[in-house]
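With the hints as extra help, turn the sequences into a complete structure.
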Amino acid sequence: MEAIKKVLDKVLSTICVVLFGALVILVTWQVFTRLVLNNPSAISEELAKYCFVWLVLFGAAFVFGENGHMRIEFIQDALPVKLKMVTQIFIELSIIIFSALVLLSGGLTLTKLAWTQMSAALQIPVGYLYAAMPLSGLFIIFYCVYNIYIISKTKKPLEIVD
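Residue 168 is where the sequence shown ends in this note's numbering, and the numbering goes up by one at each step.
These are computed hints drawn from the structure, not numbers from a lab.
Built from N, CA and C at the ideal position, the CB exists for glycine as well.
Among the clues, some could well be false.
[What the hints assert, rightly or not] Here are the simulated lysine to any residue pairs, SDA-like style, with alpha carbons at most 25 Å apart:
{"#": "1", "residue 1": "Lys-118", "residue 2": "Ile-102"}
{"#": "2", "residue 1": "Lys-55", "residue 2": "Tyr-134"}
{"#": "3", "residue 1": "Lys-161", "residue 2": "Ile-103"}
{"#": "4", "residue 1": "Lys-159", "residue 2": "Ile-97"}
{"#": "5", "residue 1": "Lys-16", "residue 2": "Ala-66"}
{"#": "6", "residue 1": "Lys-55", "residue 2": "Pro-131"}
{"#": "7", "residue 1": "Lys-159", "residue 2": "Ala-106"}
{"#": "8", "residue 1": "Lys-16", "residue 2": "Lys-55"}
{"#": "9", "residue 1": "Lys-159", "residue 2": "Ile-81"}
{"#": "10", "residue 1": "Lys-16", "residue 2": "Ala-28"}
{"#": "11", "residue 1": "Lys-11", "residue 2": "Leu-110"}
{"#": "12", "residue 1": "Lys-16", "residue 2": "Tyr-152"}
{"#": "13", "residue 1": "Lys-159", "residue 2": "Leu-14"}
{"#": "14", "residue 1": "Lys-55", "residue 2": "Leu-41"}
{"#": "15", "residue 1": "Lys-11", "residue 2": "Phe-148"}
{"#": "16", "residue 1": "Lys-12", "residue 2": "Val-23"}
{"#": "17", "residue 1": "Lys-55", "residue 2": "Leu-110"}
{"#": "18", "residue 1": "Lys-161", "residue 2": "Ile-95"}
{"#": "19", "residue 1": "Lys-118", "residue 2": "Phe-104"}
{"#": "20", "residue 1": "Lys-90", "residue 2": "Phe-104"}
[Said to hold, decoys possible] Okay, the calculated beta carbon distance ranges per label pair:
{"#": "21", "residue 1": "Leu-43", "residue 2": "Leu-119", "range": "35 to 43 Å"}
{"#": "22", "residue 1": "Val-37", "residue 2": "Met-124", "range": "23 to 31 Å"}
{"#": "23", "residue 1": "Ala-106", "residue 2": "Leu-128", "range": "29 to 37 Å"}
{"#": "24", "residue 1": "Ala-106", "residue 2": "Leu-43", "range": "41 to 49 Å"}
{"#": "25", "residue 1": "Ser-158", "residue 2": "His-75", "range": "13 to 21 Å"}
{"#": "26", "residue 1": "Val-37", "residue 2": "Ile-103", "range": "39 to 47 Å"}
{"#": "27", "residue 1": "Tyr-134", "residue 2": "Lys-16", "range": "19 to 27 Å"}
{"#": "28", "residue 1": "Lys-159", "residue 2": "Pro-46", "range": "52 to 60 Å"}
{"#": "29", "residue 1": "Leu-128", "residue 2": "Glu-79", "range": "38 to 46 Å"}
This is the structure we're talking about:
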């Protein structure tokens, strides 16, 4: 399971770096064509939107893998170690439920609905845009299961293990 996490971390970080680089180039080109050439590029605007959505969702999944998501630590820090572990497992299970219902199930439904709709400038299915939702949901679920595995295996809270 740890080997899968390392590979997934590397893949997601690489994808995020590539998407961010592409986003910077696309937005720069969009600004140049709009302000200098007075002829804005519709393709770069739409590609930038796709890059941004994929970057945000995959970046969020990557943050879950790094255990860097927001949390209220002072409440958890006040708890004894055993209760802190139970709380962390409860939080991970809550995130799994949310990801399964909203990102995975809702994302699949949205992707299926949008698959027949074509984007205006690129003339590709809009489903490609929404496909990032179920994929990021799967990644987040994997990371949560991994965190539960680490807590159970080490019998320590995550911040002590990290």
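task: Identify every previously stated hint that the structure contradicts and give their numbers, smallest first.
output: none
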